[in-house]
Structures are given as C-alpha cells and as structure tokens.
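Respectively, the protein sequence lines represent chains A and B. All residue numbers for the first sequence refer to the numbering used here, where the first residue is 113 and numbers rise by one. All residue numbers for the second sequence refer to the numbering used here, where the first residue is 113 and numbers rise by one.
Worth double-checking, as some hints may not be accurate.
Claimed, not checked - Below, in silico cross-link-like pairs of lysine-lysine (DSS-like), each with a Cα-Cα straight-line distance of 25 Å or less:
1. B/Lys261 with A/Lys144
2. A/Lys160 with A/Lys200
3. B/Lys261 with B/Lys216
4. A/Lys187 with A/Lys144
5. B/Lys200 with A/Lys200
6. A/Lys200 with A/Lys216
7. B/Lys264 with B/Lys216
8. A/Lys160 with A/Lys144
9. A/Lys216 with A/Lys144
10. B/Lys216 with A/Lys200
11. A/Lys264 with A/Lys187
12. B/Lys144 with A/Lys227
13. A/Lys144 with B/Lys227
14. B/Lys216 with B/Lys319
15. B/Lys152 with B/Lys187
Derived by calculation from the structure, the hints in this document are not laboratory data.
Protein chains: 2
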Amino acid sequence: MNLLLLQPDQYQGSQAWIEDALRLRHVQEHLKLAVGDTLKIGLRDGQKGSARVASLEPTRLLLTEVTLDQPPPPKLPLTLILALPRPKVLRRLIKDSVTLGVEKLILLQSFRVEKSYWQSPFLQQIDDFIQLGLEQAGDTVWPQVELRKRFKPFVEDELPALCQGRLGLVAHPYAPAPMPVAVQQPVTLVIGCEGGLIPYEIELLAKHGCQPVHLGQRILRTETAMAAVAGRLFV
Amino acid sequence: MNLLLLQPDQYQGSQAWIEDALRLRHVQEHLKLAVGDTLKIGLRDGQKGSARVASLEPTRLLLTEVTLDQPPPPKLPLTLILALPRPKVLRRLIKDSVTLGVEKLILLQSFRVEKSYWQSPFLQQIDDFIQLGLEQAGDTVWPQVELRKRFKPFVEDELPALCQGRLGLVAHPYAPAPMPVAVQQPVTLVIGCEGGLIPYEIELLAKHGCQPVHLGQRILRTETAMAAVAGRLFV
Numbered sequence: 113m114n115l116l117l118l119q120p121d122q123y124q125g126s127q128a129w130i131e132d133a134l135r136l137r138h139v140q141e142h143l144k145l146a147v148g149d150t151l152k153i154g155l156r157d158g159q160k161g162s163a164r165v166a167s168l169e170p171t172r173l174l175l176t177e178v179t180l181d182q183p184p185p186p187k188l189p190l191t192l193i194l195a196l197p198r199p200k201v202l203r204r205l206i207k208d209s210v211t212l213g214v215e216k217l218i219l220l221q222s223f224r225v226e227k228s229y230w231q232s233p234f235l236q237q238i239d240d241f242i243q244l245g246l247e248q249a250g251d252t253v254w255p256q257v258e259l260r261k262r263f264k265p266f267v268e269d270e271l272p273a274l275c276q277g278r279l280g281l282v283a284h285p286y287a288p289a290p291m292p293v294a295v296q297q298p299v300t301l302v303i304g305c306e307g308g309l310i311p312y313e314i315e316l317l318a319k320h321g322c323q324p325v326h327l328g329q330r331i332l333r334t335e336t337a338m339a340a341v342a343g344r345l346f347v
Numbered sequence: 113m114n115l116l117l118l119q120p121d122q123y124q125g126s127q128a129w130i131e132d133a134l135r136l137r138h139v140q141e142h143l144k145l146a147v148g149d150t151l152k153i154g155l156r157d158g159q160k161g162s163a164r165v166a167s168l169e170p171t172r173l174l175l176t177e178v179t180l181d182q183p184p185p186p187k188l189p190l191t192l193i194l195a196l197p198r199p200k201v202l203r204r205l206i207k208d209s210v211t212l213g214v215e216k217l218i219l220l221q222s223f224r225v226e227k228s229y230w231q232s233p234f235l236q237q238i239d240d241f242i243q244l245g246l247e248q249a250g251d252t253v254w255p256q257v258e259l260r261k262r263f264k265p266f267v268e269d270e271l272p273a274l275c276q277g278r279l280g281l282v283a284h285p286y287a288p289a290p291m292p293v294a295v296q297q298p299v300t301l302v303i304g305c306e307g308g309l310i311p312y313e314i315e316l317l318a319k320h321g322c323q324p325v326h327l328g329q330r331i332l333r334t335e336t337a338m339a340a341v342a343g344r345l346f347v
C-alpha cells in the first residue's frame with residue numbers, strides 16, 4: 113500500500129478519518145501507523161498528498177494536516193477487454209491491470225469461460241480489488257469497469273465504437289503478426305484467459321476491429337501477459 | 113501446465129514414466145489424464161514433443177509413443193539480478209521470470225532484504241518453481257540460478273563481467289532516464305524488491321555498469337514490473 117485512498121465522505125478541510133473496522137485493520141496491517149506518523153494519502157478521483165496521524169483507536173483513525181497538492185499519475189490510454197477468468201485469477205488481474213494504469217476494463221463472456229464464474233462472490237468485490245490496485249500504484253482515479261455476459265452482441269454492437277480512432281488488438285498465440293511496441297495511439301486490447309479464445313471468436317473480433325497479434329512462443333499466465341503487453345505498448 | 117517436463121532418468125527410447133507420488137498427484141491435478149490421452153512433453157534441457165498415456169496407476173504414470181521433435185522456445189537474452197524478495201513473492205517471481213524466458217537469475221542480498229529470507233525453506237524449492245515456470249511456458253531449458261549473499265563484493269567483483277558487451281540497467285523510480293524499449297542487445301537488469309534499493313546501492317550499481325532507469329510514475333509490484341520490463345525490452 114503506497115498510498116491510503118480516502119472516499120469523499122472520509123475527508124473535510126484539513127482532517128480525514130477512517131471508521132470502518134475492516135478497512136482500518138487492513139490499513140494497520142500494511143502501514144503499521146503510530147500517532148505523529150506522516151503518510152501518503154489520496155482522495156478518490158482527486159489529488160494526492162500527505163497527512164499526519166492525529167489519533168489511532170481500534171475503531172477510528174483520525175488524520176490531520178491533510179494536504180492534497182499533487183495530481184495522480186496519468187492512466188494508460190488502454191481499454192482492456194478480458195474473457196472472465198476464474199475467480200482467483202480475477203482478483204490479481206484486476207489489481208494488476210489497475211496498478212499498471214488501465215483506463216477501462218471490460219469483463220466478457222467467451223466460449224471457454226465457465227458460466228459459474230459469473231456467480232462468483234468475487235464479482236461483488238471488484239471495487240475492493242480496484243482500491244488495492246490504486247493504492248499499490250499511488251493512483252486515485254477509479255477506472256471504468258463493465259461486465260458483458262454475451263460475447264456476440266458485445267463484439268458486433270459495441271466493439272466497433274470501442275475501437276474507433278484506436279488501435280484494436282486481440283492477443284492470440286497463433287497470429288502471424290507480433291504485438292506492436294511503443295505505439296503512438298490509444299489501444300483497445302482483448303485478452304482471452306486460460307484456454308484462450310476459440311477460432312470463431314478470434315474471427316469475429318478481427319472482423320469488428322481487433323487485429324490478432326501474438327506474444328511469442330511462450331505461453332504466459334494471463335496476468336504475466338497483461339503486464340508484458342502494457343510494458344511493451346506504452347512508453 | 114502446458115507441457116510435462118521429464119528428467120533424463122524418466123525417459124528411455126519411446127517410453128517415459130513418472131513414479132514420484134507427489135509429482136504424479138500434481139500432474140494429475142493439472143492434466144487430468146486418462147489412458148490413451150496424448151499430451152505435450154519435454155525432456156529437461158532437450159527437445160519437446162508428445163506422448164500417449166499407456167497406463168496410469170496411483171504410483172506410476174507410463175507414457176508411450178514418446179516423440180521429441182521440436183526445439184524449446186528461445187530464451188530472452190536477459191540476466192535478471194533480483195534483491196531477494198520475501199519468500200511468498202520469491203515463488204511467483206522465479207516462476208514468472210522463468211516463464212518469460214529469463215536466461216540467468218541471480219538472487220542478491222541488499223540493504224532492505226531481511227536477513228531471515230536467506231533461511232527460508234523456499235530457497236530449497238527453487239528447482240520446483242523453475243519447473244512450474246518452464247511447464248507454464250512450454251520450455252525445457254533450466255535457467256542458471258545463483259545466490260549472492262553479499263552486495264558489495266558481488267557488484268564490485270562480478271557485475272562488470274556480467275555487463276560486458278551487454279546493456280546494464282537498474283530499475284529505479286527516481287532515475288531521470290526511462291527504461292528503454294525494443295533493445296538490440298542482451299541485457300543485465302537489476303530489480304530491487306519491496307522497499308527498493310538505497311541510494312548507495314544505486315550509485316554502486318551505476319558505477320559498475322548498470323544505468324538507473326525508471327518505469328514511469330506508478331509503483332508496481334516486483335512481478336508486475338519484471339513482466340512489464342521483459343515485454344518492453346525484447347521484441
């Protein structure tokens with residue numbers, strides 16, 4: 113946790129506070145604060161800065177000398193469309209993609225996504241995973257997250273607009289072209305998860321704006337692939 | 113597991129076998145094999161190919177029709193020097209760096225590495241983590257791994273040779289120059305772990321061949337940074 117993220121209702125003037133016991137425990141585990149300590153803070157969707165611990169009780173952390181004078185780091189101009197992974201992977205993927213600065217994240221049904229994944233309680237915790245990712249990065253700005261439970265209508269009706277004026281790509285191990293490097297425009301990128309996308313899906317994505325590109329001969333975990341692509345596309 | 117990796121003593125002619133109960137259980141969990149199934153295999157430090165399950169008992173998996181006719185994917189020309197992370201992170205870092213194709217990995221003491229990490233039982237399991245990484249990637253070739261428990265002698269006496277004819281870099285958040293992209297030469301890269309390297313260490317590394325470079329304003333987990341850098345340096 114490289115920054116403590118505050119919601120607007122946890123902040124007023126030069127003071128800020130956390131009164132949620134669970135959240136407070138999490139903060140203490142990571143930051144091990146004591147009265148008088150200075151820490152880095154950020155206001156949701158706002159500026160970053162610092163504050164000092166005024167008091168620390170089991171049910172309340174009070175911060176004083178709140179200063180919010182720095183902008184958050186810029187996002188990557190990247191819309192990431194992910195075939196919904198299994199719940200355990202979802203947590204890491206959301207956290208890591210938010211840390212890397214993905215601007216918009218769409219979780220999509222695809223043929224090899226188990227329908228049961230859409231019932232996972234993890235989907236109710238997306239905001240928590242986002243918060244973890246932002247606090248790791250030192251960012252404050254919530255990315256957009258959307259869920260799309262039907263592949264074909266999404267690709268046919270929504271994808272073309274999402275690729276408009278952008279570079280549309282889909283990571284596919286058997287594509288002849290390699291993933292580009294250091295691009296000069298915003299990107300809309302589709303990544304399938306374990307098992308990948310089926311040929312019909314790749315074709316439909318290609319037809320509606322996303323060129324298939326490969327990432328080399330090695331088979332990477334989705335999280336690893338996502339980080340490698342983000343590091344490669346944007347300089 | 114995208115490939116079942118066999119040791120030389122588990123293979124002869126057209127047959128191969130696994131008789132280690134722990135390993136067998138791991139394989140079954142990931143591949144759920146049945147008699148007659150074909151699977152991808154690889155011989156440690158050798159070729160890749162396929163085999164068919166001849167028999168499957170709780171204590172023995174026998175493979176037949178063993179074919180080893182494809183080369184493993186090339187490694188990245190990357191020597192990665194990591195300040196030893198805490199044990200839990202070590203596992204993922206070794207696995208991911210091996211999956212990405214790191215050729216040589218050196219685990220190094222640094223000021224912010226807790227001495228107790230060198231006593232972790234995880235250090236005895238490095239070969240297991242490497243195997244997991246290779247089986248994820250579809251690779252067979254063991255990377256070199258070395259441990260260096262003293263920072264200064266390593267940097268002064270060994271690092272210059274490791275940077276000879278290569279691009280030497282150290283990831284450092286406060287460096288003025290950015291991490292390069294799509295380089296045309298082998299790279300020796302130092303990454304500090306949680307807490308980073310101290311200024312004295314950065315200076316010593318710079319003096320002995322590793323230029324400090326930053327990765328942008330965001331603070332990434334070491335695994336995420338490592339994957340982003342690998343995807344960025346090599347095309």
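Subject >> Given hint A/Lys200 paired with B/Lys216 - CA-CA distance at most 25 Å >> reply: The hint is violated at about 30 Å.
Original post:
Taking 25 Å as the top limit, are the C-alpha atoms of B/Lys152 and B/Lys187 close enough?
Top reply: holds (19 Å)
**OP:** Would you check the hint for B/Lys200 and A/Lys200, treating anything up to 25 Å between C-alpha atoms as holding?
**Re:** Measuring from Cα to Cα gives roughly 16 Å; hence the hint holds.
**OP:** Would you mind confirming whether the straight-line C-alpha gap from B/Lys144 to A/Lys227 stays at or under 25 Å?
**Re:** This hinted pair holds, its Cα atoms lying about 21 Å apart.
Subject >> Restraint check for B/Lys216 with B/Lys319, where alpha carbons must lie at most 25 Å apart >> reply: holds (22 Å)
Subject >> Pair hint B/Lys261 and A/Lys144, alpha-carbon separation not exceeding 25 Å >> reply: violated (29 Å)
Subject >> Pairwise hint evaluation, A/Lys144 against A/Lys216, where the allowed Cα distance is 25 Å at most >> reply: Violated - the C-alpha atoms of A/Lys144 and A/Lys216 are around 32 Å apart, more than 25 Å.
Original post:
For the pair supplied as a hint, B/Lys261 and B/Lys216, is the alpha-carbon distance within the 25 Å limit?
Top reply: Roughly 17 Å between the alpha carbons, so the hint for B/Lys261 and B/Lys216 holds.
Original post:
Taking 25 Å as the top limit, are the C-alpha atoms of A/Lys160 and A/Lys144 close enough?
Top reply: holds (20 Å)
Original post:
Does A/Lys187 lie within 25 Å of A/Lys264 when you go C-alpha to C-alpha?
Top reply: Not satisfied, since the Cα-Cα distance of roughly 29 Å exceeds 25 Å.
Original post:
Does the alpha-carbon distance linking A/Lys187 and A/Lys144 stay inside the 25 Å limit?
Top reply: violated (29 Å)
Original post:
Is it true that the CA of A/Lys160 sits at most 25 Å from the CA of A/Lys200?
Top reply: violated (30 Å)
When each numbered hint is compared with the structure, violations occur for hints 1, 2, 4, 9, 10 and 11.
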